[in-house]
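Can you make the complete structure from the sequences, with help from the hints?
Here's the letter readout for the chains.
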Amino acid sequence: MSGLSIEHVTKSFGDFKAVNDVSLDVPNGKFVCLLGPSGCGKTTLLRMIAGLEDPSSGSIRLDGAELNAIPTHKRDLGMVFQSLALFPHLTVGENIAYALRIRGASKADQAKRVDELLAMIHLKGFADRPVAKLSGGQRQRVAIARALAISPKLFLLDEPLSALDAKLREAMQVELRQLQQSLGITTIVVTHDQREAMTMADLVVVMGQGKIRQAAPPTEIYRKPADAFVADFIGSTNLLPFGDGGTIFGAKIAGVSGAKGDKLSVRPEDISVTAPGKGVFDGTVTFVRDLGGTIETFVEIGGETLTAVSTPRDRPHVTAGQKVGLSFPADASVVVSG
Amino acid sequence: MKREPPRALADYAPLVFPGAMLTVFFVIPFSIMLAVSFFKRNPAGFYTPDFVFDNYARFLSLFFGKVLGFSLMLSVGVAIVCVLIAFPFTYLLTKLSRRAQTLWLVALLSVLSMSEVIIGFAWSTLLSRTAGITNLFVWLGLLDQPVALIPSFWAVLTGMVYQALPYTVLVLYPALVRLDPTLLEAARTLGASPIRAFLNVVVPALRNTIVATLIMVFVFALGSYLLPQILGRPQHWTLSVLITDQAIYQSNMPFAAAMAVFLVLISLSLVGLTLLIGRREAAQ
Numbered sequence: 003m004s005g006l007s008i009e010h011v012t013k014s015f016g017d018f019k020a021v022n023d024v025s026l027d028v029p030n031g032k033f034v035c036l037l038g039p040s041g042c043g044k045t046t047l048l049r050m051i052a053g054l055e056d057p058s059s060g061s062i063r064l065d066g067a068e069l070n071a072i073p074t075h076k077r078d079l080g081m082v083f084q085s086l087a088l089f090p091h092l093t094v095g096e097n098i099a100y101a102l103r104i105r106g107a108s109k110a111d112q113a114k115r116v117d118e119l120l121a122m123i124h125l126k127g128f129a130d131r132p133v134a135k136l137s138g139g140q141r142q143r144v145a146i147a148r149a150l151a152i153s154p155k156l157f158l159l160d161e162p163l164s165a166l167d168a169k170l171r172e173a174m175q176v177e178l179r180q181l182q183q184s185l186g187i188t189t190i191v192v193t194h195d196q197r198e199a200m201t202m203a204d205l206v207v208v209m210g211q212g213k214i215r216q217a218a219p220p221t222e223i224y225r226k227p228a229d230a231f232v233a234d235f236i237g238s239t240n241l242l243p244f245g246d247g248g249t250i251f252g253a254k255i256a257g258v259s260g261a262k263g264d265k266l267s268v269r270p271e272d273i274s275v276t277a278p279g280k281g282v283f284d285g286t287v288t289f290v291r292d293l294g295g296t297i298e299t300f301v302e303i304g305g306e307t308l309t310a311v312s313t314p315r316d317r318p319h320v321t322a323g324q325k326v327g328l329s330f331p332a333d334a335s336v337v338v339s340g
Numbered sequence: 042m043k044r045e046p047p048r049a050l051a052d053y054a055p056l057v058f059p060g061a062m063l064t065v066f067f068v069i070p071f072s073i074m075l076a077v078s079f080f081k082r083n084p085a086g087f088y089t090p091d092f093v094f095d096n097y098a099r100f101l102s103l104f105f106g107k108v109l110g111f112s113l114m115l116s117v118g119v120a121i122v123c124v125l126i127a128f129p130f131t132y133l134l135t136k137l138s139r140r141a142q143t144l145w146l147v148a149l150l151s152v153l154s155m156s157e158v159i160i161g162f163a164w165s166t167l168l169s170r171t172a173g174i175t176n177l178f179v180w181l182g183l184l185d186q187p188v189a190l191i192p193s194f195w196a197v198l199t200g201m202v203y204q205a206l207p208y209t210v211l212v213l214y215p216a217l218v219r220l221d222p223t224l225l226e227a228a229r230t231l232g233a234s235p236i237r238a239f240l241n242v243v244v245p246a247l248r249n250t251i252v253a254t255l256i257m258v259f260v261f262a263l264g265s266y267l268l269p270q271i272l273g274r275p276q277h278w279t280l281s282v283l284i285t286d287q288a289i290y291q292s293n294m295p296f297a298a299a300m301a302v303f304l305v306l307i308s309l310s311l312v313g314l315t316l317l318i319g320r321r322e323a324a325q
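Residue numbers (the numbering used here), protein chains in the order written: chain U, 3 to 340; chain A, 42 to 325.
FYI, nobody ran anything at the bench for these hints, they're computed from the structure. Heads up, a few of these hints could be off.
Claimed, not checked - Mimicking DSSO-like on lysine-lysine, the simulated pairs with C-alpha atoms at most 27 angstroms apart in a straight line are:
no., chain 1, residue 1, chain 2, residue 2
1, A, K136, A, K107
2, A, K107, U, K76
3, A, K136, U, K19
4, U, K114, U, K135
5, U, K226, U, K262
6, U, K155, U, K109
As structure tokens, this is what we get:
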């Protein structure tokens with residue numbers, strides 16, 4: 003098949019399986035985010051795709067061709083590292099032209115391509131500057147341009163935006179997505195930031211403990227999480243435990259059924275605060291966090307604390323210690339195991 | 042941390058100790074040597090205070106010019122060979138486990154505990170005809186009969202490289218340990234083979250370290266006076282050997298001092314020139 007296909011790949015370091023029997027198909031031109039907490043194996047998986055680590059077992063194919071036996075420098079890929087790894091002794095232009103120089107491109111061709119790429123990353127006229135003189139965002143763009151110089155088949159990024167401040171990061175996420183769309187290049191980004199994944203990806207792959215927990219488009223991941231781990235990792239959620247007979251906090255909820263041990267995931271924005279007795283169940287307000295744009299109400303029920311998020315327009319007007327009812331539409335909740 | 046410029050006299054107090062040390066152990070001895078170099082030699086005794094340029098004039102001859110040229114050439118050679126061996130060695134060393142690194146460093150440091158005399162005699166045995174390494178080559182069938190590899194220029198070079206190598210590794214080690222390994226990985230993802238990546242990323246990124254190491258080994262090798270005598274012929278004797286000879290065996294302290302001053306000036310100007318070229322290149 004065309005595209006990248008990862009088949010039963012495992013990577014062990016001693017007894018520890020950093021990546022445990024992972025299979026994934028990425029069609030050409032897709033933007034994939036590998037998302038997970040640190041130590042979940044996402045960076046190891048990316049490094050195996052780049053050839054910087056060898057899989058202990060399994061195979062990685064690109065357009066049907068086995069990649070395992072091909073060393074990194076012959077894979078024709080572009081990679082952006084977390085540290086960016088710009089060559090400190092070279093100028094911006096020399097950094098970008100490095101892959102072309104290695105491949106024996108003429109000086110004129112190198113200069114032409116560097117100009118094209120600098121225009122693409124909005125840094126025209128920066129070719130002769132030393133990289134040490136650039137700002138964080140500019141370095142970021144240079145690292146991206148350097149990786150794209152040969153128009154690689156695969157574009158890999160390892161936590162590329164983690165060194166930037168929050169505002170710049172959000173802007174770069176949009177820019178990176180637009181760039182990928184215009185180039186149509188297969189892109190795989192490793193990140194631990196779920197907002198970043200939601201912003202950029204066609205396909206979000208949530209990983210935990212070396213395994214893929216769910217691979218789906220962003221909205222599906224958010225609305226239909228496969229398990230409690232995914233529900234909790236993507237955005238914030240309330241995980242309500244099922245008790246005996248499929249009840250939650252002693253109440254049977256219409257349209258929701260689950261066994262003891264399962265959990266019901268309800269997003270905070272789906273919960274509304276009502277008068278006591280008017281909701282699905284009652285609880286006591288423990289804290290109200292008014293952030294201006296959103297208001298978070300923390301409500302304690304049966305030893306668990308639930309969070310409800312509302313906009314200023316439908317502010318619940320409650321204070322700590324007050325008894326309230328909570329309600330949510332059954333179709334906005336998902337039963338997850340574990 | 043912001044540093045305040047010193048205002049009161051007491052703010053200079055931290056300078057007293059290093060200043061005193063430098064004065065006692067460097068400035069005073071060097072000044073004495075400088076003064077002695079202008080003294081007049083007394084053939085019957087030692088020397089008498091004077092202000093003559095005889096000692097420097099005597100130095101300006103073809104013989105001493107050749108010796109000076111040979112000393113500088115030998116030291117440059119030792120510096121280059123040391124860095125050529127030590128740089129890849131130290132780079133590979135930093136890729137080993139911490140335990141293996143410690144063992145290697147301890148082994149290297151143990152070489153430093155040996156005196157120049159022991160190193161010299163060990164190498165002279167190893168390179169001799171009767172007990173030397175060529176006997177091993179004969180046994181392996183590489184040579185027909187054992188040969189003596191000393192005295193020779195290569196024996197001097199080998200001994201001095203052996204002596205200076207631990208210093209070279211120890212100077213390069215911190216810089217190579219701190220080098221970001223992703224620089225090399227980045228070069229590989231961009232299409233450079235591991236060796237090519239090493240040559241055009243690791244080496245240039247550490248250019249300043251390499252230049253500093255070359256200078257250090259060069260200066261270190263200039264001072265070597267035992268190994269050229271043990272492992273070389275008289276034509277392989279360096280200026281340091283002649284200085285020792287004049288100072289100790291000929292009792293010509295003023296001439297020895299003049300040669301030493303000359304050697305210091307020449308090596309300082311070479312080091313200065315290297316730094317100047319480096320700075321000019323960096324500015325471009």
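These are the hints, each one checked on the structure:
no.: 1; hint: K136/A - K107/A; verdict: violated (44 angstroms)
no.: 2; hint: K107/A - K76/U; verdict: violated (53 angstroms)
no.: 3; hint: K136/A - K19/U; verdict: holds (22 angstroms)
no.: 4; hint: K114/U - K135/U; verdict: holds (23 angstroms)
no.: 5; hint: K226/U - K262/U; verdict: holds (20 angstroms)
no.: 6; hint: K155/U - K109/U; verdict: holds (24 angstroms)
In the structure shown, a violation is registered for the earlier hints numbered 1 and 2, in ascending order.
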